[in-house]
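Colleague: Read off the chains here:
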Amino acid sequence: MAELTAFSFRTGASFLHKLDVRFKLGFLVLISLAGLKAAPLALCVITFVLIAVIIDTRLPIKVILKELRYFLILLLLVFIARILTTPGSTLIQIMAVSVTREGIYDGSLVCWRLVIIITLGLLFVSTTRTSEIKAAVEWLLIPFPFFQGKRVATMMSLVMRFMPLILDQAKETADAQRARCVENRKNPLYRLRKFAIPMIRRIFESADKLAVAMEARCYSENRTDPWLSSGLKDWVALFVVICLCAMIILI
Amino acid sequence: MNIIEIENLSHRFPDGTLGIDSINLTIQEGTLVVISGQNGSGKTTLLRHLNGLLLPDRGTVRLSGVSVSKDLVKARQIVGMVFQDSDSQIVGETVYDDVAFGPENLCLDRSEIKRRVYDALKAVGLKGLAEQRPHLLSGGEKRRLAIAGVLSMKPKVIVFDEPFSNLDYPGIRQLLEQVLSLHEAGHTIIVATHELEKVIAHANHLVIMKDGTVVRDGMPDEMVKGVEAFGVREPYNSRPGMEIRSWLN
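As they're listed, the protein sequences go chains A and B. For the first sequence, position 111 (counting from the first letter as 1) is numbered 110 according to numbering that gives the first Met the number 0, and the numbering increases by one without interruption. For the second sequence, position 149 (counting from the first letter as 1) is numbered 148 according to numbering that gives the first Met the number 0, and the numbering increases by one without interruption.
The set of hints was computed from the structure by calculation and includes no laboratory data. Just so you know, even glycine gets a beta-carbon here, dropped at the ideal spot from N, CA and C. Among these hints, one or two may not hold up.
Said to hold, decoys possible - Interface residues of chain B toward chain A, partial, derived using beta-carbon atoms under 8 Å:
hint, residue
1, Ser87
2, Glu92
3, Thr93
4, Asp96
5, Gly101
6, Glu130
7, His201
8, Asn203
Claimed, not checked - Example chain A residues on the side facing chain B (calculated, C-beta under 10 Å, incomplete):
hint, residue
9, Arg81
10, Met213
11, Asp233
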């Protein structure tokens, strides 16, 4: 299984790798919220900052873009929907459908914001171990006694851990079906059914094997979790992020 | 001294199928035991009773005289299990994280976990890959990682379920060397495999299973001639009456 999703931890020694996971989670939320209504100039600032961070973390951009190609198709669909549904001054008219100047502007902004949010998520996941995310979620849920923090955190970490395996199995199942000429069947429902049933069965089988393997290694919710500690660099980063968010809102 | 004592062990699955039936077996500390039999003969079901992953419907399994069902956590510490499918048992984001998984479950402190992880990685020759993502490892390396994950819990007995499946020739040799070095280090080794040829030259004890029962139990040299009657291929060298040779020679 050489291919993995873009959304998995990559070891490194960048500034982002060294930050406390709780701060990173906070930064993710703050910048995402601030970016929701950001103007083009503010988006330029965020983009510039993100490019600098990506360079520092040394993520393999080409590989990631290749793996995110389906997301880019989704972005294209969002963009098309926006340019066709936003009222304004018409640029091109084809029968009852018109492409507006405002639509292009709005569509570009929405897609730009989505790319920023996805990049933030990518940076967070790529520089943070799942066990650290689990520990941070547990820490964040301490004030809410009605949530079973340890259980929620375990489920989250397992989902993140198993996403690459599930995608790999999906690819294998799809390849096996293509090898038996499933493409000759034009009915998408038939193809979906033939793909989904073995796929889901395999996921459950893997989940079962994983549960047994975890049990064999004495898994329990009470275990030694990573030690979360914050330092000067985390507080400095928080100050910078707050300033950045204030600037994004004010521009 | 017997490290594992199995008495009259039976297990029936929820659908009514009989997994294993009235098994009696003793395993001495420090031996290398091979359990063989065709697919569906009950090898994996038997192994899963050794550390309480399955509990018996009838009979008992005792580890150093203590019943497995009395203390499951202790049983799982004593008997480490390496599964057939390495991919499904790797839970860590990095090689280090995966090996640390077991000691973390035992609530050991961080310094002890770190020491155990590096000792285990050193033992299987993966120390240089501690920060590697497990899914980028080769098949043989993944199998060795699974062994390291078990070693970090300091087990007395290490159980391998079909360890040679899906491995190429160099991978099999590496794994065999690993198994033998663990045996030399004093671990009791149990290997469940239908590929007798790959490991039988090193075994002290051979158990053959068929339809959920133990049909042969004894010294490998004495029993290897008749194994084909139970759906297990006789080692190539044994057929013309030659000495069975190790895959490492």
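Colleague: For every hint, state whether the structure bears it out.
Modeller: Structure-based check of all given hints:
Using the Cβ-Cβ criterion of 8 Å, the hint placing Ser87/B at the interface with chain A is satisfied: the shortest such distance is roughly 4 Å. The beta carbon of Glu92/B is positioned within 8 Å of a beta carbon in chain A (closest approach about 4 Å), and the interface hint is therefore held. At a threshold of 8 Å, the smallest CB-CB gap from Thr93/B to chain A is about 6 Å, leaving the interface hint in force. Restraint check, Asp96/B versus chain A: the minimum CB separation of about 6 Å is within 8 Å; hint holds.
Interface restraint check for Gly101/B: the shortest CB-CB distance to chain A comes to about 4 Å, inside 8 Å, so the restraint holds. Against a cut-off of 8 Å between C-beta atoms, the interface hint on Glu130/B holds, since the closest Cβ of chain A lies about 4 Å away. The interface hint given for His201/B is violated, since its Cβ lies 24 Å from the closest Cβ of chain A, which is over the 8 Å cut-off. For Asn203/B, the interface hint is violated, since its Cβ never comes within 8 Å of a Cβ in chain A; the closest pair sits about 25 Å apart.
At about 37 Å, the closest approach between the beta carbon of Arg81/A and any beta carbon in chain B exceeds 10 Å, and the interface hint on this residue is violated. A distance limit of 10 Å between C-beta atoms decides the matter here; for Met213/A the minimum to chain B is near 6 Å, and the interface restraint holds. The restraint placing Asp233/A at the interface with chain B is violated, with a minimum CB-CB distance near 20 Å, outside the 10 Å limit.
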